[in-house]
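As they're listed, the protein sequences go chains C and Z.
Note that the UniProt record's numbering has the first sequence beginning at 1, numbered continuously upward.
Note that the UniProt record's numbering has the second sequence beginning at 1, numbered continuously upward.
Just so you know, the hints here were simulated from the structure itself, not pulled from any lab data.
For glycine and all other residues, C-beta sits at the position ideal for the given N, C-alpha and C.
Please note: incorrect hints may appear among the correct ones.
As the list claims (entries may be wrong) - Below, a list of computed lysine to any residue pairs in the SDA-like style, where the Cα atoms sit at most 20 Å apart:
id, chain 1, residue 1, chain 2, residue 2
1, Z, 71, Z, 99
2, Z, 71, C, 381
3, C, 315, C, 177
4, Z, 71, C, 490
5, C, 779, Z, 88
6, Z, 71, Z, 98
7, C, 490, Z, 99
8, Z, 71, C, 430
9, C, 189, C, 357
10, C, 490, Z, 88
11, C, 779, Z, 21
12, Z, 71, C, 161
13, C, 748, C, 767
14, Z, 71, C, 811
15, C, 748, C, 763
16, C, 779, Z, 61
17, C, 447, C, 721
18, C, 218, C, 244
19, C, 434, C, 177
20, Z, 80, Z, 96
21, C, 490, Z, 32
22, C, 779, Z, 35
23, C, 779, C, 797
24, C, 430, C, 724
25, Z, 71, C, 723
26, C, 556, C, 571
27, C, 779, Z, 8
28, C, 779, Z, 45
29, C, 748, C, 357
30, C, 357, C, 381
31, C, 447, C, 401
Unchecked claim - Examples of chain Z residues toward chain C, derived with CB under 10 Å:
id, residue
32, 8
33, 91
34, 95
35, 96
36, 97
Stated by the list, open to error - The following label-pair restraints were derived from C-beta to C-beta distances:
id, chain 1, residue 1, chain 2, residue 2, range
37, Z, 35, C, 490, 46 to 54 Å
38, Z, 71, C, 266, 55 to 63 Å
39, Z, 6, C, 515, 22 to 30 Å
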Amino acid sequence: MTQTLVVIGNGMVGHRLVEILRDSSWRIVVFGEESRPAYDRVALSSYVDTWNSADLELTPLSGCELRLGEKAVSVDRERRVVTGASGVEVQYDALVLATGSVPFVPPVPGRDLPGCHVYRTIDDLDDIRATVQAADRPGRHSGMVLGGGLLGLEAANALRGMGVSPHVVELAPRLMPIQVDEGGAGLLKRLVEKLDLTVHTGTSASSIERDGSRLIAKLASGVELDLDVVVFSAGIRPRTDLDLGLELGPRGGYLVDAACRTADPHVFAIGECAAVEGVAYGLVAPGYAMAEVVADQLHGGAKTFPGADLSTKLKLLGVDVASFGDAHAQTEGALEVVVNNAVAGTYSKLVVSDDAKTLLGGVLVGDASAYPSLRPLVGKEVPAALLQPGGAVDVEMPADAQVCSCHAVTKQTITDAIQSGVACDVAELKACTKAGTGCGSCVPMLKKLLTDCGVEQSKALCEHFTYSRAELFEIVRATRVTTFTALVEKHGTGRGCDICKPAVASILASLNNGHILGEAQAPLQDTNDRFLANLQRNGTYSVVPRIPGGEITPEKLIVIGEVARDFGLYTKITGGQRIDLFGATVDQLPEIWRRLVDAGFESGHAYGKALRTVKSCVGTTWCRYGVQDSVGLAIELELRYRGLRSPHKLKSAVSGCARECAEARGKDFGVIATENGWNLYVGGNGGFTPRHADLLVSDVDTETLIKVIDRFLMFYIRTADRLQRTSAWLEGLDGGLDHLREVIVDDKLGICDELEAAMAAHVHDYADEWRGVLEDPEKLARFTSFVNAPGTPDPTISFRAERGQRVPVQLGIPEVVR
Amino acid sequence: MTVVCDFNVLRPETGVAALLPDGSQVAVFLTADGSLHALDNIDPFSGAAVLSRGIVGDRGGVPVVVSPVYKQAFELATGKCLDEPAVSVAVHPVRVRDGVVELT
């Protein structure tokens, strides 16, 4: 008989448990107090970038009964029944408490005044925003965050995102006292104070009072702050207000054993509400580990909680901070090796055993790039080189070292996956081991392991070039080679193939080497580019005229209709807001295009690894909710980047408000209007592996937006592999989104002028490819089915009628013996 | 004998299609070293008459044309499919006489 599992709490850990168990034999019922789907609370501060809660939502759950907005109000352990706020009763065979935690609010007089908030949920952030918007202070608003730990700095970051200058008040003598030592915290303070934060350490708020529309906070140090908003983020406490009559841990939390089971064998507790053998954990990774334990127990396993790695690496306010192992050198006799470079703004401390043989822990501030190599070495022998000033961190890691601490994946598991051939790149490692899918900080380590195993695919483009596409691009750019023949003679071998020829043709086109069907270029092109149309299964082609932004006049629609009717073409609306005309033979293509070009159409590059379309919603012109002219921008972008050849196709969209009707976040570059300008998202994709695009810049004006897109596209074109979409490119980029931002927003490599100039040259040199063919008899002559019988239709092509249109008759496939 | 075209119409490393009197089709290729090859134009994997529109190049030094539909490579000299050795396309004799390409 099916057994029922009731999960109380729909936070990240409860969600994870259901995700693990959803395909099992258990019937699962989830009670969630919040009415919204489970979301990524770790990324809460990023909510202020878009104010779109959907951005934070976790993968929707299927295969379970989700009771959102239904708080569990009581549990009858005798009858094994949970009662919800609506009175609903659900009987359970197993009950898992995943109620999470509540913010700790210190007993400061005035803490309940309007304008005082906690920082825990999306609703909290909405409330904080409402307070900030209601404040009538000229210039920047002023706020106070009580708590200078990890959560407090996150809250301060969220306030900055709302245009508030935050004061951070921390009782301990330094910021992030749990993770960071005095030296690291000193640097951290200096770095965050450059970002408009004021840090008050070693003090606390003694009172908060209302003064008209302001709040006045008095600190124990005597400082008085004039504020618009106050945020408490001084830590969390396990949430145990649902009283089951079960024992609690010494510092709160439902007391459970190493199997996460309470004294009642039917009841488990996981996540921040649990005290595993008396200890409560306030991080998500140990919570996930507990979810794994309970899932195993429910399947009759004997897994127990392995203990938690409390190491952390994060970027707070743009500053890298990492802490791992015995960061505070509490082990007896522990020695510290500290490098504090105040000029470079970096601090690193390694803690080693008294004999300097074993790495115990460490702290990194300002630059945490060594973290993925160092953390797995905790408890292992420390390579002597590490203890030298500037010591290399390129060290051999033991097989049982944990590479991904979010999902507890060891080096052994990863190398096994690589060596058995299951995974050949980072994306496949992510899919089969889950490593790198949590915080992502171990991705550079995954790459290194691939290289170390020697099975990383060769970067060679094909048998004719040992170079990668990116390297070939640089060769072509630097040597100004203009033909494939010259390139393969000097830098490759053989005559080329269907892989390298189109790839080099694309590179030459990206570097503005004239018409893609020029004498030297034409033989390199794949059939779609060779005939400037899309080959279909029966050997005919389809035609897609450009309709920028999806906006088209009735007159032009009529022309398309007439052309389709006159040539007997099947018509279909595409996903990119254009019209596809199918069934054209090679001979018909020039005739069709002459009609289209005369009517003002141009190539839509549906056949090319090039910009396809920029979709749009109707925006402010018509829509009651639009906040910007999305159609106008989409047309501007499409006309700017039309014809741009790239490693793979490029899709884009512009939405006129946060409702996102144009689905911009599924695009290579997507733009969403805000009240103040535009948000730019990059690296989105539908297809095989859907991926939401990441926010690159927010609230920028149109000029800045275009500048950043120019740089983004050119950087991608220069550095991506052949047929690598922006999503996979971004996933594989060392340093990920942060690195991308450093290069194309902060211009860390000093190449932005060059990238912009390259795009300016493209825009200047653009010419319609189809017009170019129609005006050149040489090129036109290639559009014949038969060189010895021009104008004779291909006898293998025939059509039948379906739903009032012409569709191909399936071709008989002549005896293919296999 | 079927006349295909003037030799100077051909471009190195590309193909053209010719229609035979019986309605069948032949793809004629000129490679970079100046040699001519002729294969059936119908791609056996898709049934479409498109081999003349494939990219010409080499696999391990063997001159090939790659079908534009599902990308199998066919050896120009023998018509053998390199990706599925059991499959091949017919080879036709081809020559140049007085500057004219002919199928014999």
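**Request:** Measure nothing beyond the straight line between the CA atoms of residue 71 of chain Z and residue 381 of chain C; if it is 20 Å or shorter, mark the hint as holding.
**Result:** 52 Å, violated
**Asked** Hey, residue 71 of chain Z versus residue 811 of chain C, does the alpha-carbon distance stay inside 20 Å?
**Response** 18 Å, holds
**Request:** Double-check residue 97 of chain Z for me: the hint is only fine if its C-beta lies closer than 10 Å to a C-beta in chain C.
**Result:** Hint violated; residue 97 of chain Z Cβ to chain C Cβ min 15 Å, cut 10 Å.
**Item:** Satisfaction of hint between residue 8 of chain Z and residue 779 of chain C, Cα-Cα up to 20 Å
**Value:** 15 Å, holds
**Request:** Could you check the hint for me, namely that residue 35 of chain Z and residue 490 of chain C are 46 to 54 Å apart, CB to CB?
**Result:** 24 Å, violated
**Interface hint status, residue 91 of chain Z versus chain C (Cβ within 10 Å)** = 16 Å, violated
**Request:** Under 10 Å, Cβ to Cβ, is where residue 8 of chain Z needs to be relative to chain C, so tell me if that hint holds or is violated.
**Result:** At about 12 Å, which exceeds the 10 Å cut-off, the nearest Cβ of chain C leaves the hint on residue 8 of chain Z violated.
**Asked** Given the proposed pairing of residue 189 of chain C with residue 357 of chain C, does the C-alpha separation stay at or below 20 Å?
**Response** 32 Å, violated
**Message:** residue 748 of chain C and residue 357 of chain C were given as a pair; does the straight-line alpha-carbon distance stay at or below 20 Å?
**Reply:** 38 Å, violated
**Asked** Are the Cα positions of residue 447 of chain C and residue 401 of chain C separated by 20 Å at most?
**Response** 16 Å, holds
**Prompt:** Between residue 779 of chain C and residue 797 of chain C, is the straight-line Cα distance small enough, at 20 Å or below?
**Reply:** 24 Å, violated
**Asked** Given the hinted pair residue 779 of chain C and residue 35 of chain Z, is their alpha-carbon gap at most 20 Å?
**Response** Violated - the C-alpha atoms of residue 35 of chain Z and residue 779 of chain C are around 23 Å apart, more than 20 Å.
The earlier numbered hints that this structure contradicts are 1, 2, 4, 5, 6, 7, 8, 9, 10, 11, 12, 13, 15, 16, 18, 19, 20, 22, 23, 28, 29, 32, 33, 34, 35, 36 and 37.
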